[in-house]
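Now that you have both chains on their own, put them together as the hints suggest.
Top to bottom, those sequences are chains X and W.
Under my numbering, the letters of the first sequence match residues 262 to 436, in that order.
Under my numbering, the letters of the second sequence match residues 773 to 1349, in that order.
In case anyone wonders, no lab produced these hints; they're calculated from the structure.
Since this is a predicted model, take the numbers as computed values, not measurements.
Don't take every hint at face value.
[What the hints assert, rightly or not] The calculated EDC-like cross-link candidates involving lysine to aspartate or glutamate, where the alpha carbons are at most 16 Å apart (straight line), are:
1) W:Lys1082 with W:Asp1054
2) W:Lys1213 with W:Asp1161
3) W:Lys1146 with W:Asp1296
4) W:Lys1082 with X:Asp315
5) X:Lys273 with X:Asp301
6) X:Lys273 with W:Glu908
7) W:Lys1082 with X:Asp319
8) W:Lys1069 with W:Glu971
9) W:Lys904 with W:Asp935
10) W:Lys1082 with W:Asp1062
11) X:Lys391 with X:Glu365
12) X:Lys273 with W:Asp905
[Stated by the list, open to error] Negatives, chain W to chain X, calculated, CB over 12 Å:
13) Arg894
14) Ala939
15) Thr941
16) Glu977
17) Gly1067
18) Ala1078
19) Gly1107
20) Met1124
21) Arg1128
22) Pro1140
23) Gly1264
24) Pro1275
25) Met1326
26) Ala1332
Cβ atoms here follow ideal geometry from the backbone N, Cα and C, with glycine treated the same way.
Listed here are the chains, written in short residue letters.
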Amino acid sequence: MRQLISLLVENKPGALMRVAGVLTSRGYNIESLTVAKALDPTLSIMTIEAEVSDSGRDLLIKQISRLVNVIKAVDLTVSRAVRREMVLIRVHVEGSRRAALLTEAQIFRAHVVDASPSTYMIEATGATDKLDALVSLLRSYGPIEMVRSGAMAMARSKHNQLPVPHFSEASLSGV
Amino acid sequence: MERMSGARILIESLVREGAEAIFGYPGGVTLPVYDVLYAHPLRHVLVRHEQNAAFAAQGYARATGKAGVCMATSGPGATNLTTGLVDALLDSIPVVAITGQVPQSLIGRDAFQEADTFGISRSATKHNYLVKDVDELAQTVHEAFHIAVTGRPGPVLIDITKDVLLAETGYSDDQDMLPLRGYRPELDPDEDSIQRAVEFLWASERPYIYAGGGVISSGASDELVRFSELLEAPLAHTVMGLGAMPSEHPNFISMLGMHGSYAANIGVTECDALIGLGVRFDDRVTGRLDKFAPGAKVLHVDIDPAEINKNRRADLGVVGDARSVLRRLNAALEGTRDSLGLARRPQRLAWMDRIREMKRQHPFTYTPADGEIKPQDLMRRLDRIAGGDSIVTVDVGQHQMWAAQIMRFNAPRLWQSSSGLGSMGFGVPAAIGAKFARPDKTVMAIVGDGGFMMSIPELGTISANRLPVKIIVMNNNSLGMVRQWQELFYGGRYSQVFVEAFPDASLLGAAFGIPGGAVADPADLDRALETAFSEPGPYLLNVQVSPEECVYPMVPAGGAVNEMIMEPGPAVAAAGD
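Next comes chain W alone, as it looks inside the complex (with noise of 0.2 Å):
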């Protein structure tokens, strides 16, 4: 045991459960771990706020798997990183975030800088933390990390007085630690519930698969796409799902909900056996609850038992990790496929044919124009250029509906989208965590012009890490989901939704030193493109598209999924290259 101090500890500890990185924002208690920083090979990312701080960490987390790390000091630096780290519990992402505290002897007396972040955070993370003692500190982070990736990942907060910090005790990379009492995730489904389940499988006519982020979080991609393929049902994805299943594949139906493709809304309407695999049947899939999936039994996987029957009955619940649950249901599948499986394959089959046939002719739409770039060309073009391959962060609105409808992901952890707090500002810094996780990969974050003007400190930390993130500003003049609800449903009373002053975007990258420019016709949008993407590092890319458009289908809030409002005029397919 090497005494040493609680700062140095706290990196020790974090190096220790694998960090490679933390994204942070000094400040006066965070003090003692920066002066360790001064000389340990751990990175440290200085972000240019600290609720980046928490979406480059989720941006890590969500590339990797692994717990991002943020780091921001008390007061203020707590209080921005909240954003940040309820948007991870709403998506269950994995993050770390440390926070410093005043002193013991000044918490509770207003502090200069005080804040209660312990209590701040409690609704803001999985679970949390206030040390106090240098003797806890060690197992405090392993705690953290455990919780933080283990059953439902999620964030986890650890506040650290500065007294602490200073503190010294003894420390050694090899010193147990203690087990959780109160949190044992259960991973492996009951024996049971598997075979009440394939029962339950082999018995529908209609099988519809659901999925979502569990399934990414879990790993469970092959064993996905093996079960679909077993049981010959279509598989839609909610936005966390999208890349668990290749958007190739042909039994892949796109994404259903309030933006979803015709064949998934009507498809999951129609269906007899409903499996919804790491879904937590939200309000923007779900549409009017009482008219989702009508005349479906429910088979709900989940990790998190109080997800079972939170907003749908399932008559079957299975809890467990989701690629544990489909290895079990795989194998037995495989082990019944000729004998019970026979008995209703043709009516799967047929039902297999009318999905098809729907995604045949109801793909996503849009109405070409001249002399206008339409948001959907763009996210055609961007899909060529990420060939399904490539990391792409969006912040949250139309552009992000249109990316999700159009692009295709042929892995997981290549999508990433605040999806379910919807942070406006997300995709930026999402991408610099990405890029440092997944530095052989071309990263592009496509925002909305509303979102990027939230981001737009980030192009310092781009430019001074000389990290070549793509940033493809989809630019409509507006915040476009908000316009788009004010004209469908407030009669088109436009309110403050046009941003206005909107930066050169040449200027503003040179003002950083990344390269940028502007397009805004279509025949120069190809050479456009190509210049960004041939460009070694970052670019800055501003493309004006059609500022009337709307994100169809949709779904009116509140309104059953297969009521769909559609494209208007004579529609072309979006997708399809």
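This is chain X alone, in the form it adopts within the complex (with noise of 0.2 Å):
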């Protein structure tokens, strides 16, 4: 099962490093990993997102837990988080077809942020499967090309606790 992973880590050299580790020393291949400073600069939020067997996502969470940089590891995998993904994409795409991928874009909430004679460089936010809706539409309109940034999550309410009751002593606010 994809597993979403939700981290306060201390923003120090290795960090990443070490919570990679983790998840490659297993096996577990990460299929997005988002990372940037949270409100205090001295540390950083990462969310990740990996194939992770389901008798196995108690153990890792732990296992980053344990992890002297790692604040707070919250499995958001079944919880109710908002879970946004950016994409930019740039579609070839000419002549009368250029307005009606417009007006379809705006189905999404997408909007162009670059454009050429034979090209519009699109950006979007949204679900994973929306975006995924998104990118087979614009297919149909000719090449294209993508970034994706991965999975942000947050939890929608505070009482987002890890599923040991031992943790819950240690858990912070702010993930």
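Right, dumping it as structure tokens:
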């Protein structure tokens, strides 16, 4: 199952390597990973998606949690989290179809961020399946190039504690 | 604040953190550190290979519970340390490793003796650092020791660039250190889980305690013995746990697992409550996991939350330091013994009788033979000399298992074995570290002929320091455990297991200035051992043992622990002096 993990980590060299190492040393492939500074600039927030067996999910969270640089690790896979991704797509499209493309892109609340006589660059954010739908729509207009950010996620409520009770007092708000 | 170089700050910080000795090997980028050591009282022990610096630091740490310190230069020095660090990681042994790194101006340019030590050691350590600013050095050393010895102990590596070692800044012994944000080991269990554990324990009819290295790390031996006595429950150890409960205690049923005792393996299969203390349900203990303690509910105590439910689901998981948990449990058991404790007591006493009967009927056994020294007989005699009170380090293989089965340890921190990683070549350098830590103790390294060949350079360290370490080579002219598996599971097709050209021990010893000898006749064994142990300094004794002997009982890999292969032939008890 695709596991969605949100991490609050110290913004230090090697922190990303350590987290990634826990996943890769167990043979898990990282499907997406986003990382940027948190409100406190000495911390970073990471969102990771990886294909992990159901039985391995708890263990993975605990093994990431015990890293010295990790302040909090939360499994958002089955929780009520807002999950968003961003995509930039360059579509090669010419002539009369350009106007139709702009109309259809609006359905996805996508924006044109760059244009040339033969291309548009479209920016969109949304859930992964919405972006997948946008991508397949734009493909119908012509060849495309694409860059995706991978998922970022935030829990909807603050009552999102780890499934292991002894972690409760260590939980922090902010993830 | 006195201004000093990074190299000097490193050494002063090590002293401040309580280091008594560094096991190390110098090189180009650590020259500034060695220049400071030239006139510094902190002891440095020059080993003969960096891997052995890490093992010796472990020997020190295992004997004391304090962090052992090792040091190596960049590149090959650092990569050579790695095996010893992974070994410490698997056995949760506190080690602080210092490595030099090429100057920052050269990092990433494939400089001479440059290796990505920070990257290489990431998965070999509990935590690691690359120090690029001299102002962070003292704080980093402080953090490294704190992380190494607290929580679940483990190795921490500090990689320091040469320019940091040369740079100067202010340093004072009493400067404040910052706390760590992402690292808060939980030491105390919550009260609710203690209450539930007590109800769980008193409800059991066939309780079984399975205690490991975590009990030794936390210094919980007294509490463990009290716990076993309060519950009136049998106790088996992992190979890491030996010595936590005195081997002579009536509740002690030796080791469980692949080469565990009959009573321990049948006991764990039949118990209804399995109490795991500072253990990790390793595959060498559990055998086939779904047949391990199949009818038992599990209470698992460990300081590392990631161990709970990792291999075996715990019905009740308690996260905390073993000593803290056992103290609370013991107090709660004492308070309820005459109320809750009475209901199932008759069943528990009957169970204990049954376990003791199995222990009496099925001791570790071997078949004596005329004219050759049986390895088990060697271990009996070494046990008599050790008296349950000497430090015994071992390598990995048959001799390790026989020593674990037969030798008695009546206190913790006497038995040292590379248990998780299973590194051959561990025993001799670990004995060096142990002897520095405990000069008052008899220290013997019991090794096989294969592992000893990996440790020969350290005869130089032993000789140069006149360390009274006794090296006993149990020589069966083969890599015995591999040979045993080839005999039992590969149709006797012995492939690359005969270590030929073993050196003459007295000549080899003499070449290093160490007295040595060899013995092959059982009639001469006692005299040879007496010579070895009465010699005031080091001694190297090569003991020729039966080459074909196998370690029994044996649970085949992936088998259920109650399906042991037992010693064939007319066997006699191996222990029982």
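Against the structure, the hints come out as follows:
As the CA atoms of Lys1082 (chain W) and Asp1054 (chain W) are separated by approximately 10 Å, the hinted pair is consistent with the 16 Å bound. Between the alpha carbons of Lys1213 (chain W) and Asp1161 (chain W) the distance comes to roughly 8 Å, so the proposed pair stays at or under 16 Å and holds. Taking the CA atoms of Lys1146 (chain W) and Asp1296 (chain W), the gap is near 13 Å; set against the 16 Å cutoff, the hint holds. With a C-alpha separation of about 13 Å, the suggested pair Lys1082 (chain W) and Asp315 (chain X) falls inside the 16 Å cut-off, and the hint holds.
Simply put, Lys273 (chain X) and Asp301 (chain X) have alpha-carbon atoms about 13 Å apart, close enough for the 16 Å limit, and the pair holds. Simply put, Lys273 (chain X) and Glu908 (chain W) have alpha-carbon atoms about 13 Å apart, close enough for the 16 Å limit, and the pair holds. Distance check on the hinted pair: Lys1082 (chain W) and Asp319 (chain X) sit about 9 Å apart at the alpha-carbon level, within 16 Å; holds. Between the alpha carbons of Lys1069 (chain W) and Glu971 (chain W) the distance comes to roughly 13 Å, so the proposed pair stays at or under 16 Å and holds.
Distance restraint check for Lys904 (chain W) and Asp935 (chain W): the Cα-Cα separation of roughly 8 Å lies within the 16 Å cut-off, and the hinted pair is therefore satisfied. A C-alpha spacing of about 14 Å is found between Lys1082 (chain W) and Asp1062 (chain W), which places the hinted pair at or below 16 Å, so the restraint holds. A distance of roughly 13 Å separates the Cα atoms of Lys391 (chain X) and Glu365 (chain X); the hinted pair therefore holds under the 16 Å criterion. Distance check on the hinted pair: Lys273 (chain X) and Asp905 (chain W) sit about 14 Å apart at the alpha-carbon level, within 16 Å; holds.
Against the 12 Å criterion, Arg894 (chain W) falls within the reach of chain X, whose nearest CB is about 6 Å from its own CB. Residue placement check: Ala939 (chain W) keeps its beta carbon more than 12 Å from all beta carbons of chain X (closest about 19 Å). Residue placement check: Thr941 (chain W) keeps its beta carbon more than 12 Å from all beta carbons of chain X (closest about 20 Å). Distance to chain X confirms Glu977 (chain W) as a non-interface residue, since its nearest Cβ pair spans about 28 Å, more than 12 Å.
At roughly 22 Å from the closest C-beta of chain X, the C-beta of Gly1067 (chain W) stays outside 12 Å, upholding its exclusion from the interface. A Cβ of chain X approaches the Cβ of Ala1078 (chain W) within 12 Å, the least distance being about 4 Å, so the stated non-interface status is violated. Taking the minimum C-beta to C-beta distance to chain X, about 24 Å, the non-interface status of Gly1107 (chain W) holds against the 12 Å cut. The claim that Met1124 (chain W) is not at the interface with chain X holds, since no C-beta of that chain comes within 12 Å of its own (minimum 32 Å).
The non-interface label for Arg1128 (chain W) is consistent with chain X: the shortest C-beta to C-beta separation is roughly 36 Å, beyond 12 Å. Look at Pro1140 (chain W): its CB is around 47 Å from the nearest CB on chain X, clear of 12 Å, so calling it non-interface holds up. No beta-carbon of chain X comes within 12 Å of the beta-carbon of Gly1264 (chain W); the shortest separation is about 35 Å. Chain X leaves Pro1275 (chain W) outside its interface by the beta-carbon criterion, the shortest separation being 40 Å against a cut-off of 12 Å.
No Cβ of chain X comes within 12 Å of the Cβ of Met1326 (chain W); the nearest lies about 30 Å off, and the non-interface call holds. Here Ala1332 (chain W) stays apart from chain X, with its beta-carbon at least about 21 Å from theirs, past the 12 Å limit.
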